[in-house]
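> Here is how the chains run, residue by residue.
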Amino acid sequence: MSASLNAVSRLAQPAEGVAGKLSSRVSLPRRHSLHEAMWGWALIAPALIFLVVLFFLPVVGVFVIAFSDWQFGASSLSFVGLANFREVIFDEGFRASLINTVVYVAMVVPGTVLAGLLIALLIESSHSCRALYRAVHFLPFMATATAMAISWEALLHPTIGLVNHSLAALGLPVANWLRDETTALPVLAVIGIWQNLGYAMVLFMAGLKSIPLDLYDAADVDGADHWLDRLRTVTIPMLGPVSMFVVIVVALRAFETFDTIQILTQGGPGHSSEMLLFTIYRESFEYLRAGYGAAVAIVFLAIVVALTLLQARSMDKRVHYQ
Amino acid sequence: MSGITITNIRKSFGATRVLHDVSLSIADGEFLTLLGPSGCGKSTLLRILAGLEVQDTGSIEIGGRVVDGVRPKRRDVAMVFQSYALYPHMSVAANIALPLRMRRLSRAQRLPLIGRWLPGSGPVMSGIEVEVSRTAEALGIAHLLNRKPGQLSGGQRQRVAVGRAMVRHPAVFLMDEPLSNLDAKLRVQMRAEIKDLHSRLGVTFVYVTHDQAEAMTLSDRVVVMRDGEMLQVAPPQEIYADPNDIRVAEFLGSPKINMVDATMREPGLVDLAGSALSVACEIAPGSRFTVGIRPEAFQFAEHSGPGVITGSVRMVEHMGSDLFVYFDPCGLQQPLIARLSAERAPHIVTGQTLHVSVRSDQLLVFNRDGRRVRARDVLSAHSSTPVREWA
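Sequence lines, in order, name chains F and D.
Under my numbering, residues -4 to 317 are what the first sequence spells out, in order.
Under my numbering, residues 1244 to 1634 are what the second sequence spells out, in order.
Just chain D, same shape as in the assembly (with noise of 0.2 angstroms):
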């Protein structure tokens, strides 16, 4: 068993407070990634799950065992870096043997030229080599062993790094951004080969991450940070269709997320752009919020009609299946981005008048706090939190 307990989590460095108050379970083989921005506290929270960090309040808990003050080799985890941080002067074998040599054989054992002659030392070494070529066939770099890292290839270093890590069969792998230093090729392929990995071995996975692919295809769940703070746990597919916050709406999907500042005009009817769209949620009438609609919610309609946006078109990208259609709706001050299929929707040339009808199911409605309202949700007109600007 080696779930992760993470409970009250605060770190600060200097003034500057990186994570506040943290707290997160995560289950026993399950692939959880951080995903965030750069700053927002995911590789400081995977750093002190390491043991590299010191938090300053909070406790970790790995396999049921408070960890808190353990140094990071008696932690049972390994970590994969985003260098690698392999050790550019060991040949392939040496830097995959090095967890098993530092932890089965002595300081002397290790010495070079006389270390091997110790008595006791033999049978360990050969016991190592016999795991590192299993490690390195099961991950392909059997004939790369004798080189160096330097003469390796960025995904070849990548898999000698996993190498090093799972060679001695840790409880939790940490990894850091372990794919941002390849080519976007290769970062798919290995990709899938790090799901691949994790579903043979089982164990559970922390993994951080700025890339919102990654962490879509990886996780079981994603973990959605910033600022130091969670912003919402959820399997990728709720994280992306039904986001807790405006700033997980925002930091998901490619298009980005269309935002509109729009009024209330009756009780489940909202003005948007010139035009009435139902909403499911119950809203004081006259309060603004903000309405967050995904390219793909718009569909391409023939005639404009009752909840449907007219807008002229200023631009079109073709993306194969699909087009994105970036258009000026009629009333609005901004432009939106429609995500349209490219067999359902006709020619569409710049310049042309365009209406798009929008499922009132998918639209994401969010208080002026940047908070979701859901359908039960009530928002009071006269609400008494602080307004924030999201523009």
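The following block holds chain F by itself, in its conformation from the complex (with noise of 0.2 angstroms):
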């Protein structure tokens, strides 16, 4: 959602750009400024169409039906005012959503990067096969996630599944791994780190080949030659741009994941494994409460922006770009 946040903003720098220079040209002569207000508005009139049907509309209507009791399908509503908003602050499974979300992110995130960074550090230090460990690695971000999800189901589950039955033959302890409160959530981390391995793996691969050779030379006779040390003095510093990006590409999937919970632990067992974008769903498309979904999905609304604007403006102090 906040991704498109984003493409909002940079869609909205040429109006931005057209007004401006029309504000500084006040001194020409009236005819031409007008004519080029009227193409400045003809180039930009697509993208603000699309815009203003497909993001701010749609978000208008949230507001809207955030402030009322409409249900879903129904032919009237009446205002509530807050009534949705306190309703969601109060309520156990609001709480316990939020909750596994931020968890869930909290896992997702640094599981992601440090993976991707590693496998990706793996396969350009060796020069075989690279092509295949890219796309093996790759795979699962190109997949289907209902498909991949319901393969998962199949090797977690308890008594035929592939996961128990390599745990047992191995002696280790077996679990219901989608069906108990405390392993359901982490489960469906290791499989979001899973699924966005491969992109964040990509990302740095890219990043890594983009770091001049010199600098390593540099490195190796100022004597930095150890690889933690050409780790440290070199590889990380120069994927500061690319980690940034990795990060908040990363956050903002967790954030939305749905499909693997949809079809793998239905948020359940209880409220153990249910996130924001599910409750979300559940209230408005289930239950039929399109005005408190509405409330959840402003609240998931403002955390997902208020989070990226954090992320970006502290990251981006720390990272340097070239």
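Source of the hints: derived by calculation from the structure; they are not laboratory data.
Mixed in with the good hints, there may be bad ones.
[To be verified] Covered, in the sense of this in silico footprint (three residues per stretch, anywhere, with C-beta under 8 angstroms from a C-beta of chain D), are these stretches of chain F:
1) 205 to 211
2) 216 to 224
3) 232 to 244
[Said to hold, decoys possible] DSS-like, lysine-lysine: derived pairs with alpha carbons at most 30 angstroms apart:
4) K204/F - K1391/D
5) K1438/D - K1391/D
6) K1316/D - K204/F
7) K1316/D - K1438/D
8) K1316/D - K1428/D
9) K1499/D - K1438/D
These numbers come from a predicted model, not from an experiment.
A virtual CB, placed ideally from N, CA and C, is assigned to each residue, including glycine.
Given two chains presented individually in distinct reference frames, assemble the corresponding complex, making use of the accompanying hints.
This is the structure:
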């Protein structure tokens, strides 16, 4: 959702540019500036129309619904003020969903970034079968999430699943992974990491390729020739911009997790694996409480936008762009 | 003592041979320049000296110690890269301090935040700070220590790169085209600073460039390289005035040396552009060879006469104190360039007839293989060596 917000701000720039140009050209003949303004608006019109229809109007719609008692499919509604928001705040289901989302993101983002970086470094350090390794790790990201989730369900099946069979063969304890309150969310996080790993890896590999080799040579001459020193002196700092991008994109994808929950756990057992997007869906389209769902959606939007801004600002300071 | 001895170095990248059996000895404190066009192997040789590349065969000694297989940081060499290779995320101070931190602090002491509080790291760190600021002051960049490389101009970055190299007092400085990313004016200024740095530090410098002006002005000796071979090793004046090889003569000098195919008429007298010029080498009559004439070897003459070349002026370039005159000599297919003194040559215009004389001791004679033929050498009219074209 916030990705589309970014798109909005990017697309909004030309419009500001046109406005700025107009105001700075007041002294020019009026007909000329009018002509230019017409052109400006004509050029941004297609993007503007799509944005308004596909983004601004739905957002306005969500706000309107959030302040109403509208039921999905009902032909009438009445405004109830902040009642939906009050209900959201005092609802334990929502609180559990919020905490689950935060915990899930806190597991998926570091897991994905570290594993992606590690695999990228391993692939880059060897010369054989690079394309194969890259493809193997990128596959989960390309594949349909739903199909992958169904495969995971089979793997994690308590009696016939490969995971439990393997653990039993090794003499390790088995579990009913998706039906146990303590394991459901971590298992979803592992699947989330597995899905996003390839994406992070490909970006890190591109980042690694763009590091000037001269820097490694300089590090060698300067005495930073141990792999750990090379990593700390050159590789990690030079991957700063890529890392920031990976962290933001993976965090947003983690916040928006829906398919694996819908297929594997349905948010259960209890509320133990319910996350915000799933809550919005369930409240709006299963329980038909569109007003309540819209209120959760607004809270969700606010959190995601705030996190994006915070992340971009705090990481911008420590990231070097060439 | 930090002289360098290079013995029979060969290097190939795949099927491409980059260095063919290069041997060279560099004296302690010498400023030696490796000069040549791109792809001649000069940078590879420098990287082998630094330990960044490993030679296929041969041996390198630095300061009397064989350093084959020794890592770059243990060779006591510092390198300035063409791109400067500054760490963009570190401040200028941190860039200059890095070689010292790597050598004097343990890995734990280099850790961010906690490293400073580990036992023993405090005094070492303040010692490093003192040396960094001393180096920065010597280079006039003390006010830039807190900046990042991205905020510096080209010349300032270059100084930081030099600072990072000199802060640990290496025995040998290796410089890989350090001035090629600067604009022309700054290049001249930094050239003088490097020369000054060399005389202040008194250590051995090995400098790689494709710019003949840098090589001529900076070096004690110049190595002219071409296709992985050293064509000539000599002081700059000698490289220019007394080249061993036609490729050396052509690479140095601006405007480029005139190369004219000629035939020996009789011993000591050569046919050139319809005029008989005396040359100081004994070549069998009738044999063909190439004569090199530097543009400044021509002198304006009032009349034609023996030893005077006549031609019509094609173009004149005024360079202030000198004139570059392009003229078509009678009886020669190619134009020649003469560099005449603006004072001594009167007003020369396009299309007029020009007479120029050449001093015989300034004629450089090369055989058909491109090797120089000096006064005492004798070139057989029926050379058995394969004939190469030097068009």
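> Which numbered hints are broken by the structure, listed smallest first?
Hint check: 8 fails alone, others pass.
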